[in-house]
Each structure stands twice: as C-alpha cells, then as structure tokens.
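Number of protein chains: 2
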Amino acid sequence: MRYADLFGATRREAPRDIESINGQLLYRGGFVDQTAAGIYTWLPLGVRVLERVERIVREEMAAVGAQEIIMPKLHPKEYWEQTGRWDRVDVLFKLESRTGKSYALGASHEEIVTPLAQKFIHSYRDLPKAVYQIQTKFRDELRAKGGVLRGREFGMKDCYSFHATREDFLQYYDQMLVAYRRVFERCGLTATRVRASGGDFTENISDEFHVETPSGEDTLRICDACRIGVNVEIAATQQACSTCGGALRETTGIEVGNTFDIDTKYSGAINFTYTDEAGVAQPVIMGCYGIGTTRLVGAIVEAHHDEAGIRWPASVAPLAAHVVVVVPRDAEKRVRVMGAAQDLMSQLSHAGIEALLDDREDTSTGAKFADADLIGIPVRIVVSDRALGEGGVEVKYRDAAEGSVQPRETVVAALVEAKGRTH
Amino acid sequence: MRYADLFGATRREAPRDIESINGQLLYRGGFVDQTAAGIYTWLPLGVRVLERVERIVREEMAAVGAQEIIMPKLHPKEYWEQTGRWDRVDVLFKLESRTGKSYALGASHEEIVTPLAQKFIHSYRDLPKAVYQIQTKFRDELRAKGGVLRGREFGMKDCYSFHATREDFLQYYDQMLVAYRRVFERCGLTATRVRASGGDFTENISDEFHVETPSGEDTLRICDACRIGVNVEIAATQQACSTCGGALRETTGIEVGNTFDIDTKYSGAINFTYTDEAGVAQPVIMGCYGIGTTRLVGAIVEAHHDEAGIRWPASVAPLAAHVVVVVPRDAEKRVRVMGAAQDLMSQLSHAGIEALLDDREDTSTGAKFADADLIGIPVRIVVSDRALGEGGVEVKYRDAAEGSVQPRETVVAALVEAKGRTH
Numbered sequence: 020m021r022y023a024d025l026f027g028a029t030r031r032e033a034p035r036d037i038e039s040i041n042g043q044l045l046y047r048g049g050f051v052d053q054t055a056a057g058i059y060t061w062l063p064l065g066v067r068v069l070e071r072v073e074r075i076v077r078e079e080m081a082a083v084g085a086q087e088i089i090m091p092k093l094h095p096k097e098y099w100e101q102t103g104r105w106d107r108v109d110v111l112f113k114l115e116s117r118t119g120k121s122y123a124l125g126a127s128h129e130e131i132v133t134p135l136a137q138k139f140i141h142s143y144r145d146l147p148k149a150v151y152q153i154q155t156k157f158r159d160e161l162r163a164k165g166g167v168l169r170g171r172e173f174g175m176k177d178c179y180s181f182h183a184t185r186e187d188f189l190q191y192y193d194q195m196l197v198a199y200r201r202v203f204e205r206c207g208l209t210a211t212r213v214r215a216s217g218g219d220f221t222e223n224i225s226d227e228f229h230v231e232t233p234s235g236e237d238t239l240r241i242c243d244a245c246r247i248g249v250n251v252e253i254a255a256t257q258q259a260c261s262t263c264g265g266a267l268r269e270t271t272g273i274e275v276g277n278t279f280d281i282d283t284k285y286s287g288a289i290n291f292t293y294t295d296e297a298g299v300a301q302p303v304i305m306g307c308y309g310i311g312t313t314r315l316v317g318a319i320v321e322a323h324h325d326e327a328g329i330r331w332p333a334s335v336a337p338l339a340a341h342v343v344v345v346v347p348r349d350a351e352k353r354v355r356v357m358g359a360a361q362d363l364m365s366q367l368s369h370a371g372i373e374a375l376l377d378d379r380e381d382t383s384t385g386a387k388f389a390d391a392d393l394i395g396i397p398v399r400i401v402v403s404d405r406a407l408g409e410g411g412v413e414v415k416y417r418d419a420a421e422g423s424v425q426p427r428e429t430v431v432a433a434l435v436e437a438k439g440r441t442h
Numbered sequence: 020m021r022y023a024d025l026f027g028a029t030r031r032e033a034p035r036d037i038e039s040i041n042g043q044l045l046y047r048g049g050f051v052d053q054t055a056a057g058i059y060t061w062l063p064l065g066v067r068v069l070e071r072v073e074r075i076v077r078e079e080m081a082a083v084g085a086q087e088i089i090m091p092k093l094h095p096k097e098y099w100e101q102t103g104r105w106d107r108v109d110v111l112f113k114l115e116s117r118t119g120k121s122y123a124l125g126a127s128h129e130e131i132v133t134p135l136a137q138k139f140i141h142s143y144r145d146l147p148k149a150v151y152q153i154q155t156k157f158r159d160e161l162r163a164k165g166g167v168l169r170g171r172e173f174g175m176k177d178c179y180s181f182h183a184t185r186e187d188f189l190q191y192y193d194q195m196l197v198a199y200r201r202v203f204e205r206c207g208l209t210a211t212r213v214r215a216s217g218g219d220f221t222e223n224i225s226d227e228f229h230v231e232t233p234s235g236e237d238t239l240r241i242c243d244a245c246r247i248g249v250n251v252e253i254a255a256t257q258q259a260c261s262t263c264g265g266a267l268r269e270t271t272g273i274e275v276g277n278t279f280d281i282d283t284k285y286s287g288a289i290n291f292t293y294t295d296e297a298g299v300a301q302p303v304i305m306g307c308y309g310i311g312t313t314r315l316v317g318a319i320v321e322a323h324h325d326e327a328g329i330r331w332p333a334s335v336a337p338l339a340a341h342v343v344v345v346v347p348r349d350a351e352k353r354v355r356v357m358g359a360a361q362d363l364m365s366q367l368s369h370a371g372i373e374a375l376l377d378d379r380e381d382t383s384t385g386a387k388f389a390d391a392d393l394i395g396i397p398v399r400i401v402v403s404d405r406a407l408g409e410g411g412v413e414v415k416y417r418d419a420a421e422g423s424v425q426p427r428e429t430v431v432a433a434l435v436e437a438k439g440r441t442h
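Protein chains in written order, with my numbering: chain A, 20 to 442; chain B, 20 to 442.
Quick caveat, the hints were computed from the structure, so don't treat them as lab data. Fair warning: there could be bad hints in the mix.
Identical copies go unnamed one by one, so any copy, or any two together, can satisfy a pair.
Keeping only pairs whose Cα atoms sit at most 35 Å apart, straight-line, the calculated DSBU-like set for lysine-lysine is [claimed, not checked]: (1) K148 x K284; (2) K96 x K164; (3) K148 x K96; (4) K96 x K415; (5) K138 x K284; (6) K148 x K415.
Chain A extracted, bound-state conformation (with noise of 0.2 Å):
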C-alpha cells in the first residue's frame, strides 16, 4: 500500500469540537472522519485497526462457544413494549415508516435475542446456549463526546447466553471473564474488573472492565492487590477493599466492556421456559456481556500514543510497518534508492508482511518522519542513500529514541519473527 494511494490523508488539526485525544489522534492521522457530532466514518487505515480488534474479538468468543449471528437493526416497536424499555430507555432513537409501523434503532439487543431464542430452546438437552453479534449500535445521546468512546453510532460486539440453571450460568460467566481479560490483553490494554450498576439491563450487579487513564469517564476505586475495583456511581463511600481489607486507590478509567447477570428479566418477560429432565418447565436464564468495539479502538489510542502520536500495539496496529524513503535529488542515486525500497516492499510481501510505503517526493523528509510517528505503526523502516552505504535500510521501533542499521534481510525476518508472536 502506497500513502500517496491511500484514501484519507494525515491532517494537522482536527476539528475544535473533536476534545478527546484519542479523536484528534485518529482524525489527524486519517484513521476517521468525522460526518457529524458523534458519528464517524472509518477510513482505510481504521478499518484496518478495527478488523483486527473484531478478529481477537470473534476469535475469543469461538473459545467460549459463542456462535456469531447478526440481528437486525430496525427494531418493531412490539419488541419493545414487551419488556417496558420502549418508553423508559432514553438513549433509543425512533422512527416511524410510511405505513405507520414504529421501530427502534438498536441500541442493544435483548429484546430481539430473547424472542429469537425461544425460538431454537424448549428443552434441557438445548442448554446451554450462546450467541454474538458484532454490531452497529444507536443511542440518542444528548451530547457525543469523547471521539469514538461516546458516539451516537456505534461497533458494539454483544453476547447472550441461555442456560437451565444458576449454577451453569455462574460457571460460563467466569469463562467469559477469562475471554474478556485475554480480549483486552490481546489488544495492548490492562483492564480492571469493577463492579458497577447494571444501569437499564438488569438490577442485579454487573462488572465492568475499565482501561486506566487520566481522561477516562468513570471515577473508580482499586485494590492494586486484588485487580478488581468498585465504579464509585455505586459505592461512592466505600473505602476499603471488600476482599482483602486494603486501601483502594482512587483513579479514571474507561470502560471496554461489561458483563450483566440478567438472570430472567427478559426470559420472564415472554415467558420464555424450557422442559427441565422430569418434564416441568423452568425459566431460561440469561447472561449479557458487552464489549464496544469502536471504543476498545478509541481506549487503545487513550493508552498508546505520546506527544508525536499513536503507538499501535502490534496486535492491532493496522500495518506492520512503514517504509519511508528518502528520496535523493541524484537522479542516479535516486534509481537506487527507490529500486531498493520496491525490493524491500516486494520481499516484505512475500513474507506475508504488510507495509506502508512513503515514497511521496513532493514532501519533506522530516514532515514523512512526522506523519509516520502520527500514524503509530510499530517499526518504521527508512530506505536512504545514507543508510544503503552503511549496507542496509534504518529501523526504528515507534517507541524507542534511537533507530540502527540492519541488513534488509534481518529487518524482515524480525517482522516475521515478530508476526508469529502476535498471532
């Protein structure tokens, strides 16, 4: 992939309406656009990113036996009503069809998932069940904020499990816990267990997972010793670790996903049940578990970047390195210079890696070394007369000070090397 053929440039400013830093970052580096307050187009190089966050996603749910389906958007209004969020959650945009039929726009999918999966489960012997979608999401927030952590539209991954009893539920709640720990590890990202409201879904206790940073949402409370905190909109004097005693340190964060115990709220809405070993019908108990993935983008770039920019954990970043050429005025040397970046691309390509070549001759050097630390990607490799003399082209990892001098040959098979690592 050639920059100068990449749909969607790097820019010096984002707009005044775009606070957050994740935004500006992903803006500037032409990772989105923005279309209006809260809704975002991605562009190549975010879809990218995102492909590869939904991928870890999807394959840490296939881990835990969830099988992916994709529920519509439109929700009939019907729906709705059945549970009684229809008029009492505020973030759901309506609409109305010609022929006066009323929807929602999902804004989750509960009401849909229930329905559809009393459909499929009448008896024990179809227990448990999971399923996930990877979805667009809409709410009608009154102000969008925050970049991508916060918009009216959104990529949400979303999984419900069905099972006979508490016990099972219980059991496949921890399993999910270990995918999520591993879906954000995966990602580059520490996330903390906290515990927290079950907000519109359910009454019962929920966690969240929040990555640690200073402009994060949510004000929490930590045990470093346990790994696991309290959100204070739920124990706002709580002061003391429930577990161990100890101290909890007071800090932000943002929240990457969420997991909700809704027991038979909604299976009890639509009587859903199924017919237990002796023949008796029991309600269908249900988990949720949530994880934003547009935001799990946004959270990445809250914690990876620095001044200059984005700092692309490998797992996601959305290339695996980018070739700068210098390019010489010597027409001679320039032949030369540019031969060897074509040959660095072509064996790059052939070992499965994939690069973003920077030969633009109208734009200064400092200003492609600019762009590159703005974009984020792990390993920048610069292609120069200098560096050819010196028998090789100058890698520089995105976040050391100092790039080296290495044979070509040994700069590919470290990203080889590396590539079997991350996945």
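Given the coordinates of chain A, assemble chain B onto it according to the supplied hints.
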C-alpha cells in the same frame, strides 16, 4: 461443529408471509429467522454463507484498487438536502433525535461519500481513487417481499470511484464490469449485463446484472449471442439486439448488482472540483457500483435448489461437508461407529476442512438425510456400520443421485483438493 450444538435448527415450515423460494429455504434450513416483515436475523449457518460471499466481494474490490471504508448509517438531513434527495427519495427512513436533529437512515451513500472525498481529493495527483463499504442499508418499502431479496434492512457493497476525466472513468467502469462478472461467477451465478434506468441515482443510463430465474422481479429481453440484455422498464418495445440485430429472448431476472455513471451529479451539487495540471479547477467525475450482499445469498438459493432444499455452490457453502452418523442400536457397534465419526471429524479438522456433524440419537436417519438435503452442503458423508463394513464411509454429492463407499483418506483428500480449487 455439531448439529446438536448449533444455534438455529431446521424447521418444517416457513411462515405463510414468506412466499419466495429463497426466503422459505433460508428460513427452513436455519440460515435466517424473520424478526418482522422484511427484517431478518442471520443465524450461524447464514452468517457463514454471508461471510464467504463478502470475502469474494472484498477480494474483487481489492483487485480493482478499491479501498474499504465504513460510512455511518445515520445521515444528517443537511447532506440529503444539498442534493435535493431528502424529499425526493420515497424509501428514505427519517428520524429525529431528542434534541431535534433530523437524520435519514442510509439508503445509499452518495450524499456522504462525496463530501468525504472532497476533503482528501484536491489535485489531479489525488485521482483516480475508489472506495467501498459493505454496509447495512435501509429502505422504507411499502411491501417487503421476496425473502432476503427485498428487505427493509439489507447488506450491500457500495463502491464509489472518482476521476479526473470521462476517459479515465470509462476505463475504470470497464474494469468494474469485469470485477462484477468475477464476483457472480465465483458465487456460482451466471449474470447477464442489462441496460436499465438510473432510478433515483442518475439520469444517465446504468447497467444492471441479472440472474435469470423464474421468480425474477424484472422482465428482461436478452440477446444470447451478445450476452447482453435490456430491462423492459426502459425499452418496452425493443425487439432486436442493438448490437447484432438478432432476436431478443424474453425472460425474468433477479438484479444482483448495478453500476451507475453518475458523472458530476453529486460532485456538482457540492462544487467538488480538483485542480488540473494547468492549475484550473475541474469537476470530479464519479461512478457508483452496488452489489446487494444479502440479496446475492437469496439469488444463489433461487438459482441453486431442488425440491429437497438448497444446493450451495462449494465457493459459498456454509461448511464443506455434512457428516451424518447412522447410530446403531447395538452398544458395541454404536461405540465403533461413533468413534469412526469422531476420527473422521479430527481428520477433516486437521486438513482444514470445516464439517457439520449430525450425530443426533433421537432423530431418524431419514430425517437427518432430509435436513442435510435442506441445508444443502455440497458433500454428505455417511458414517454407518454398513459402510464401515465395506471399508469406508458413504460419500454423496448434493447434486448426485447416488453415493458411493470410499476409504476415509480418499474422501478427506478429495475435499482438500476441492478446497484448493474454490479458494
């Protein structure tokens, strides 16, 4: 994947309001569920087919240099007012936020992509460019019919290209026609290019791609010699081929793709120009290219089925093989047959072949065979005491009348070979 674990089973009957063959078979086969008229949920088997179709589309879009983006579904009213389509497009769903902002739900994305491209395309050096997305579209249809062929909410690949000159556009348009032919061929469809009206998109002529089926919504007149046709909606009286003068055959077709010469219709509306080599501002020329991805799945079913069910082309089949176990009553034989099925599943898995295992004990072999025919995976493998006695398993292709007993290794090797051909 065990059939018993699958979310979404086969069903004897489809609701009466699902009239079309594709809707009935996709519903009965456990590929989709109907949430409301024209609004479908894609179940795990359906998601697999859709993913395979989308992958083919992505590969062919990449082959013509189109880059993937994701535009929003919520379109602020201002965008649609600028082109005068807010009031003119009757299928536009409209809604208002709590704070009084008006949005359309994206029925197509010219209004969004044109100002987006304007942000990045300034000079002739920035041209040509092409972007696409695979995106949910919304249309407020008065009557949603035809199964997944005409929904109120559906998946679509829409691509937009930007050019400096008409010549460059026309050249790219021809490349896109080739890409379209490849997409349809790879999906197992014979699609005919048909001249049609541009609808709400353009006053210029557009091309449609149609798959001939008895259930097609459109009436076409086709020249078999030139492999080109005309939609009667624009040429009701045309009786001869405009190219060779030969007779036209009247038939019906399902539209699976369309390509539009939108020229400067949308760029002109927002004064989107580029600077040419002489420094003069020139209008940007645009093309627009759609493929209904969910509709494509429906068209494949309309073209590939028989009375017993679907007959998926291997390239888009949800899984490569359907393993049916004839479970013996005798305990000793039962252990041997179940063990052989497990061994086969392991062999297939190691060879990278995804298979569905139907080892239900409470279901008759006849019912399992009927489900296999309905679901329509191209290869059925029967593991039974009888076949084991004959030294193998029984292999039957979905489109063959009879099966034959072959050694397990031969079967696995044939599937590996077939996989190589379709990828």
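Tell me the numbers of any earlier hints that the structure contravenes, in ascending order. As far as the earlier hints go, only 4 is violated by this structure.
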